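**Student:** Quick note, the sequences are listed as chains A and B, same order. So this note's numbering is basically just the index in the first sequence, starting at one, shifted up by 1108. So this note's numbering is basically just the index in the second sequence, starting at one, shifted up by 1108.
A few of these clues could be false.
As the list makes no split between identical chains, a pair holds if one copy fits it or if it spans any two.
Said to hold, decoys possible - Listed next, the in silico DSSO-like pairs over lysine-lysine satisfying Cα-Cα at most 30 Å (straight line):
1. 1395 <-> 1243
2. 1305 <-> 1343
3. 1249 <-> 1395
4. 1444 <-> 1120
5. 1464 <-> 1262
6. 1392 <-> 1250
7. 1243 <-> 1455
8. 1249 <-> 1305
9. 1392 <-> 1112
Bear in mind the hints are in silico, worked out from the structure with no lab data behind them. This one's a predicted model, so the numbers in the text were calculated from it and none came from an experiment.
There are 2 protein chains.
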Amino acid sequence: MFRKLLTFDEAKNALSQLELATLGTEEIPLLEAYNRILSEDAVSTLDIPPFNRSTVDGYAVKAEDTYGAEENQPVHLMVSNVVNIGEIPNVKIEKGEAAEIVTGAPIPEGVDAVVMVEDTERENDDLSVFSSVTKNENVMKKGTDLHKGETALKAGHVLGPSQIGVLAALGMAKVKVFVVPKVAVLSTGSEVTEPGKPLPPGKIYDINAYSLSTAVTESGGEPMYMGVVPDEKAKLRETLEHALANADMVITSAGVSVGPKDLLPQTVDSLGKPGLLFSGVAVKPGKPTTAASIGKKLVFSLPGHPASALLMFHLLVRPVIQRLSGRASVESASVKAVAGARMFSAKGRRTFVMVKLKRDESKRLMAEPVESGASGAITTLARADGCVEIPENQQFVDRDDEVTVVLFRSFE
Amino acid sequence: MFRKLLTFDEAKNALSQLELATLGTEEIPLLEAYNRILSEDAVSTLDIPPFNRSTVDGYAVKAEDTYGAEENQPVHLMVSNVVNIGEIPNVKIEKGEAAEIVTGAPIPEGVDAVVMVEDTERENDDLSVFSSVTKNENVMKKGTDLHKGETALKAGHVLGPSQIGVLAALGMAKVKVFVVPKVAVLSTGSEVTEPGKPLPPGKIYDINAYSLSTAVTESGGEPMYMGVVPDEKAKLRETLEHALANADMVITSAGVSVGPKDLLPQTVDSLGKPGLLFSGVAVKPGKPTTAASIGKKLVFSLPGHPASALLMFHLLVRPVIQRLSGRASVESASVKAVAGARMFSAKGRRTFVMVKLKRDESKRLMAEPVESGASGAITTLARADGCVEIPENQQFVDRDDEVTVVLFRSFE
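Chain A on its own, in the form it takes in the complex (with noise of 0.2 Å):
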């Protein structure tokens, strides 16, 4: 059968140049879009303040009637009004006279500037003011954080707290966002189980449909589990046709290999065209890692062993899950840590060693690699927190050398 070797830019190159369009819009709930992506540049409709606005406590004056005003020698104003809050005020504050008013308020008509209450002693209307202010000090004028008609926030971004509440202060109680991409998960292997089933001799149960639905979750689409199908050319068959079907993704696991078992490349290739991007990456771990287009969806399938299959995942899938899903940048949170013992690379192949982080009593940040053993999925699973990339060129990184780490989750 033919195969596609691509070295790991290549296969990169390959998805980042697949013309991927995003699944539509929807307009939700602001308080409901955490972590969705905005559809639209969000423009504001309004000057924000929508007026000119007190920053502190104090007394709205003419800045000029404080010139000359020192700790010794206060200038005398009497009081004439108090400025509520939340209201315009429908008042004009004249020559000699200054107005109550406290952070928030509407500077009225008349005055330019506030003092602050700190800076004056008030008796009756008797306003001593011990500094002296310059115009507009202490008012925010109209307009000045964002004004009518200026983008606060362009479509792509991701809604975090801090991108919520800037659409909260254009007015906005609902947001247009693009649909979630729907990705179809599931694993091969007749030696696989499902969890929660009873667990036959000569089986073990699978864990690459939970943890790489929980990474789509993660990565911002919407999984549909589809749990675990033989290796059987028919059924696998009928299984990813349904899952094109119903899906905008399939992800598949295990029977990528050589193996007669492994029926996965061909049975993909045979869905539909344009077909395989590549059956083979030249990485380590993860060279068997597939993907084909089928129409205009794309089928990934991963290793079986679940450590290089959420690492594949982690370095090609999630990419292009958060462009389906609009994300305007896509690159993964990496640090900057110091290698914790030497590390090699695989002769040819782009390396990605697991590496655990921790701080040293110096307080540096080490990668620490995770002995993966032959198959120990598990350990290494639960203790790796990403991944030191070593280039084809490298023969290895060396202990207290700095690395960048591609991690595979927040680091805390």
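Use these hints to put chain B onto chain A, whose structure you have.
**Tutor:** Structure of chain B alone, referenced to chain A:
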């Protein structure tokens, strides 16, 4: 009114010394457990793998039968069996025999190693082995990944893709997790209008109840959005009592300064015992931040300025929500960066400078201060990735100094 001003460290200590009980546990489907917190140690009820397993495609053999095999001098064995994957083979392999086997299949009785298919040539039943193997080579022994009775994951772990994979490996389709804390969030201020309603003159739209509700979600809590309460003592008290009765924790914003409309500290203190923990923290920004313990529930009153409120949430409130939710580790994510400009501290106060992160030409991660202006709330919110902390006894951080940035969001 009595105000209790603490240093930043004192405030953190006051909170960390509180005994906070988690809110019970519940059993949920493992596939829905993303970001939930494991409430009891996950102990394996089986050996993993549950049998000796081949880690390659090839032939199961007695290692000693292959001794001396070389490229030019193959050893010949007779292929007497095929091991099916997913079944315990009911055969015994005798001296001089080999059994065809695939990755993941159980090792039959009588053999102790697997020769990779790449190191063999086969003609009918005659197998030429071109490379010797040692005992246990390419075999993963029963229980080596995890043995029966071993703890796979400790209570208090956040469940991400890897952890959910580990639990699936144990055969769990459901998992016991801590109940998510309910956190009531309300804004105060007669000048504040809820987004989605028309904006009367002199008013502005609320930001904080939206940004803080989202921050609660992000921290692993369930927000209970209570909208905007005007600055009226009776109304405020009634709303807070309702919030305390229905939520596990309460967060308010604005109304905590020393102005005439700043009713929060005294109102909160009057709600019950033991009352105020602090009503002021020597930090900049965020000085008026107030916390009270009412019965066994906490009430946090954050400043009105949206960026300050979110900062104080991140530094003081988020760790408490994470403890309530049962998380074993509650540190915030931080990265090392290089100061992009000199940043000054406020005398005698722990200072936090909002920064935007970016990489310079030489790929260094730079922390650029975000101009917040007097109250440039929205601009600051939209731009800040995190904050740089400057201790009380340090006057400034210099350009090009290494700084630690506490992240508000994952930096990509």
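**Student:** Is it within, between, both, or neither for residue 1305 and residue 1343, if the alpha carbons may be no more than 30 Å apart?
**Tutor:** within (20 Å within a copy, 55 Å between copies)
**Student:** At most 30 Å between C-alpha atoms: does residue 1392 with residue 1250 qualify within a copy, between copies, both, or neither?
**Tutor:** Answer is between: at 25 Å across copies they meet the 30 Å cutoff, but 58 Å inside does not.
**Student:** Evaluate residue 1444 and residue 1120 at a C-alpha cut-off of 30 Å and name the case that applies: within, between, both or neither.
**Tutor:** So residue 1444 and residue 1120 pass the 30 Å test inside a copy (22 Å) and across (28 Å) alike.
**Student:** I want to check one pair: residue 1392 and residue 1112. Are their C-alpha atoms no more than 30 Å apart within a copy, between two copies, both, or neither?
**Tutor:** within (17 Å within a copy, 58 Å between copies)
**Student:** Given identical chains, is residue 1249 near residue 1395, meaning Cα to Cα at most 30 Å, within a copy, between copies, both, or neither?
**Tutor:** between (60 Å within a copy, 24 Å between copies)
**Student:** Within, between, both or neither: how does the pair residue 1249, residue 1305 come out at a Cα-Cα threshold of 30 Å?
**Tutor:** between (66 Å within a copy, 23 Å between copies)
**Student:** When Cα atoms must be at most 30 Å apart, do residue 1243 and residue 1455 count as within-copy, between-copy, both, or neither?
**Tutor:** between (70 Å within a copy, 27 Å between copies)
**Student:** Evaluate residue 1395 and residue 1243 at a C-alpha cut-off of 30 Å and name the case that applies: within, between, both or neither.
**Tutor:** between (68 Å within a copy, 27 Å between copies)
**Student:** With identical chains, the pair residue 1464 and residue 1262 could be close in the same copy or across copies; at 30 Å between alpha carbons, which is it: within, between, both, or neither?
**Tutor:** between (36 Å within a copy, 17 Å between copies)
Every hint, counting from the list given before, is met by this structure.
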